[in-house]
Amino acid sequence: MGYSFVCSRRGVRYFVLLCNGFVLNFSTFVVAPNGK
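No gaps in the numbering here: position 26 of the sequence shown is 312 in my numbering, and each next residue is one more.
The hints are simulated quantities; they were obtained by calculation from the structure and are not laboratory data. Even for Gly, the Cβ is constructed at its ideal location relative to N, Cα and C. Treat the hints with care, since some could be wrong.
Claimed, not checked - What follows is a set of in silico ranges between Cβ atoms, one per label pair, in the way DEER data are often shown: (1) S290 / V317: 37 to 43 angstroms; (2) S290 / L310: 27 to 33 angstroms; (3) V317 / G297: 38 to 44 angstroms; (4) T314 / S294: 27 to 33 angstroms; (5) F315 / R295: 26 to 32 angstroms; (6) V316 / R296: 38 to 44 angstroms.
Please model the complete structure; the sequences and the hints are all you need to start from.
Have a look at this one:
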């Protein structure tokens, strides 16, 4: 049970990091051409 908790927390942190990276790249890809 403890192992599952640690694994889920690591998965959540990885998912948040991945989501933040995707949003950052997506916003840069969409806003940069429109700004310039």
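Starting from the hint list further up, note which numbers the structure goes against and sort them upward. 3, 6
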